[in-house]
Amino acid sequence: MSDTLLEARELHAYYGASHILHGVNFRVERGETIGLLGRNGMGKTTLIRSMLGLVSQRDGEVLVRGSLMTRAAPHLIARQGIAYVPEGRGIFPNLSVRENLVMAARAGVDGHYHWTYERILATFPRLAERLDNGGWQLSGGEQQMLTIGRALLTNPDLLLLDEATEGLAPLIRREIWKIIQHIQATGITTVIVDKNHSAILDISDRIVVLNKGQVAFEANSADARNQPGLLHRYLGV
Amino acid sequence: MDLVTFLIQLLNGLQYGLLLFLVASGLTLIFGIMGIINLAHGSFYMIGAYLAFSLSTLTGNLFTAILLGIVLSAVLGIILEWLLISRLYHRDHLEQVLLTYGLILIFEALRSILVGDDVHSIAIPAILNHSIPLTDTLSYPVYRIFISMVCLILAGLMYGVIQRTRLGMMIRAGASNREMVQSLGINIQLVYRLVFAMGFTLAAFAGMLAAPISSVYPGMGDQVLIICFVVVVIGGIGSVWGALVAALLIGLVDTFSKVFFPELAGITVYLLMAMVLLWRPEGLFRMT
Ligand SMILES: Nc1ncnc2c1ncn2[C@@H]1O[C@H](COP(=O)(O)OP(=O)(O)OP(=O)(O)O)[C@@H](O)[C@H]1O
Ligand SMILES: [Mg+2]
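Sequences listed follow chains A and B, in order.
Every letter in the first sequence is one number past the one before it in the numbering used here, and letter 154, counting from 1, is 154.
When you read off a place in the second sequence, starting at 1, and then add 237, the result is the number in the numbering used here.
One chain only, chain A, in its complex shape:
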């Protein structure tokens, strides 16, 4: 079995007439943590959504665990052990917290149940207190925890986190970063998009920088940390 969990080859994506991704090559190997960086509107979200089958106008190839799944339905890609925490969260406001979690639970690709309902509640005690609340009643931080918890309940091998800390108070941000580190430590492969570049450099093995729908720069996080000028050039920070 291939150790590449997810791969984009020469991926192009379009929204109507606008050409957003221009031939992106992107690989996620099992066990690594990738920071996906780029200024606003450079195509990070579009890249993730295209690989997950959520953008219909595409050219190029998407491979999941080495098999070609460019035209596969999104649920089939997800069932290959890929979980997605979307930008702007994505809880179901009309379902209770419990229902949000329960409806998603399933075994991992090799049949394992590392993440059970009980373990999620132990990991996110705040959720345990609010099980009977409607999703719409949660604070931003709680919604984010619910989205992450729900993703983990699908027992994924790869977790894609798009702006998981955006719009949260600093204290809650720190809590979310701790949770991400905890998840990483359990051996789940992760791709993280975030505005906090130094946090990403600290936590990731590798970074990929997108610029105008193309990969502008790739490096080991350790190298990038030692050459702050590089990041400055591509990210303006």
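Each hint can be trusted.
Some chain B residues near chain A, calculated using beta-carbon distances under 8 Å:
1. Arg403
2. Met406
3. Ser413
4. Asn414
5. Gln419
6. Ser420
7. Leu421
8. Gly422
9. Asn424
10. Met524
Derived coverage of chain A by chain B (criterion: at least 3 residues anywhere in the stretch with Cβ under 8 Å from a Cβ of chain B; other residues may be distant):
11. 72 to 81
12. 84 to 90
13. 101 to 115
Keep in mind the hints are simulated off the structure, nothing from the lab.
No experiment lies behind these values; they were computed from the predicted model shown.
For each residue, glycine too, the CB sits at the ideal point set by N, CA and C.
Start from chain A and add chain B with the ligands according to the hints.
Leaving out everything else, chain B with the ligands in the frame of chain A:
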């Protein structure tokens, strides 16, 4: 009006309302959750009634006919969603209305070819063909009570499925964020297919139940379709409980207005709709 007459009308109104609920619940789910305006929903009711007629003529037993009819309707619903309705999800309401209106014409033409244009009646099965005496002269038919009971049981079952099962959670989640449901590895297409087939079967089943008391005639789905849209609008689009409340309300208003204001009977339900919309433009309840 004396108490017994009132009671009879009350039971009639409830029975009519519950039957409407069976049809309208599917319509509101298909509209609210799948985003499809299904004008052919009344035809499903008509198909049910004609299935009851044809199959009971064939088998000689209404209950056997209904069982067979349920299976056939479910299969038809699945085929229809797979063949046509699934192509409408990403299209606008005009195209949905065109296709589903076309379906009404096709179903009516097929009915005419296969069964003809005559009005038919179906006998109430012998074991239910009794009346409960209320006074020396007035009595209430058992079959109508049977209809109400069956509808109540089905309403309870629907509540259970939608509120308590994982399928129900997926259905409700799909109404709020279809993409996210897919990203969790759930085949939303399949969920929609089940919802549509369930809506089809419920409407057809209502037609089968009603056939012995309303008889079976061409165009019988049209009237039901219009009233059911009124139910959906009053109850709130996508709300099954709204549909239940609104259907009962309409059943009672329609029945009693025929008694008290026979000259207005044709328009009271529309007046009711106008009043509710002035008061709550979104309908009585929010999406399920
Ligand atoms: N649904 C859409 N329709 C049309 N254009 C879109 C759509 N979504 C995104 N875009 C455009 O595609 C480009 C890339 O957007 P994308 O969301 O992928 O960027 P991003 O790197 O995730 O940005 P951000 O940091 O703001 O989240 C932007 O120019 C954006 O305006
Ligand atoms: Mg983005």
